[in-house]
Amino acid sequence: MARRRSGSPAATPPRRAAPARPTRAQAPVRRADAPIAWALLLAAGLGLAALPHTAFADRETRRTPVVRVVEQAADAVVSISTDERVRIRVDDGIDRYYRRWGRPRHYREGYREAALGSGVILHPDGYVVTNYHVVRRGARIRVHLRDGRELLAKVVGTDPDSDLAVLKVPAGKGLPFLALAKDGDVMLGETVLAIGNPFGLSHTVSTGIVSAVGRNIEADGRTFFDFIQTDASINPGNSGGPLINLDGEVVGINTAIYGEAQGIGFAIPAARVRRVVQDLVDYGEVREPWLGLLVDDIEGSDGVVVAARMRHSPARKIRPGDVILAIDDHPISGRDEYRHRLRDVPVGHRATFTVRRGTRTFTAEVVPTDVPAEAADELLSLRVGIEVGVQRFRDRYGNRVDGLVVASVTRGTPAARVGLAPGDLIRGVNAQPVESQADLRRLVLQAQKGGELHLAIQRGYNLYEVAFKL
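Residue 106 in my numbering sits at position 101 of the sequence shown, with consecutive numbering throughout.
These are calculated hints, taken from the structure and not from any lab test.
Hints are supplied without guarantee of correctness; some may be wrong.
[Unchecked claim] Here are the simulated EDC-like pairs of lysine to aspartate or glutamate, each with C-alpha atoms no more than 16 Å apart in a straight line:
no.	residue 1	residue 2
1	Lys474	Asp301
2	Lys178	Glu155
3	Lys173	Glu155
4	Lys474	Asp341
5	Lys454	Asp341
6	Lys173	Asp301
7	Lys178	Asp152
8	Lys173	Asp287
9	Lys454	Asp166
Computed from a predicted model, the values in this text were never measured in an experiment.
Just need the whole structure built from these sequences, with the hints factored in.
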């Protein structure tokens with residue numbers, strides 16, 4: 006070790022002074038100590054080498070339940086990378102020549118990395134579950150297994166509302182997979198593991214406990230309901246990976262959508278994962294359960310009040326004016342949570358509604374159905390106050406085309422209050438163009454999920470937008 010020098014360097018030697026007695030912190034290391042230090046290190050090393058082989062058997066005592074779960078589950082966790090298709094400008098001499106004369110630029114097709122995330126194999130046939138936001142821009146999706154294999158994946162189905170997606174990779178000789186935990190089988194305080202690909206660091210393991218269940222969070226301008234909260238580290242890149250209990254079961258799918266989280270993470274519960282994945286595999290989309298009840302918030306109170314019941318509603322025991330307090334024992338705080346809880350009930354499955362009518366509280370069993378084709382028309386009539394028809398007219402180029410027009414407006418309805426009138430042309434719904442009645446019905450039902458309908462209306466040469474609550 007180099008000796009410590011005091012003062013600044015100089016060309017001339019310092020004046021002689023009485024040597025200061027070094028303190029314990031300042032005392033230099035003596036060279037004579039070095040052989041002693043090496044001797045101690047060598048002795049320690051020889052001592053370790055001389056330990057009996059049975060010392061390595063103590064490794065088993067360090068194999069905790071967490072270690073066992075990692076050993077069993079890690080192979081079923083995958084890393085996911087996605088590339089989006091982009092147009093790359095070719096800026097060569099010819100391109101500059103054409104731009105000089107106002108000609109279009111030259112482009113070529115290419116790919117660039119869009120996202121990195123995680124996923125988990127839930128079936129040996131190669132079905133992989135991840136977050137929707139991981140793959141939403143992916144024109145090319147690659148799944149990386151722990152053994153080094155890279156597999157191209159195809160999208161089986163996506164569900165933006167639950168932020169879940171299902172991919173399919175070639176199974177080959179069979180793939181390791183994990184099972185979902187039973188619905189609701191999660192305990193506050195129990196140990197859980199998150200395995201994923203945070204910041205591109207594949208198969209990173211973090212541990213924690215279940216801090217809360219049924220957590221509602223605000224992110225990306227919307228509310229996500231009924232999440233599992235954990236203090237296991239969940240960072241960007243962990244999205245789509247599993248949250249695993251000590252039985253090696255998946256209790257949730259991790260999501261890093263909440264950017265403000267510090268020391269806490271969230272996961273989509275296994276019950277919702279099971280319901281969404283089953284529909285995506287069977288139908289390629291989530292079948293929307295329909296009850297035909299239009300509900301409103303109650304100011305200053307939980308629950309929702311039934312404003313109207315559609316003609317073909319299967320909820321015959323529930324009528325306008327009733328207050329829905331819970332679905333399958335899950336309390337309802339308002340319209341958003343009502344829609345969320347209803348969506349967790351698969352089509353054709355029985356659900357129990359807790360209802361208050363006046364001073365009496367009772368339960369009603371209801372079986373949701375698929376959405377009937379005419380539901381959108383009735384929704385526009387009851388919630389907006391318009392009837393829509395198809396009319397042939399001439400566009401600005403003189404061509405005769407079919408368009409959707411407001412056929413009638415009911416007095417005293419939201420449509421009448423904003424000034425809609427018969428003959429107004431409907432050009433779009435929620436920023437999506439409308440060219441047919443089928444487009445209108447599909448977009449209106451999609452808008453109902455978010456609770457708000459925006460119509461692009463053309464009157465003469467003027468185009469304006471009106472908004473309604475659904």
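Compare the structure with the hints numbered earlier in the document and write down the numbers of the violated ones, lowest to highest.
Hint 6 contradicted; others consistent.
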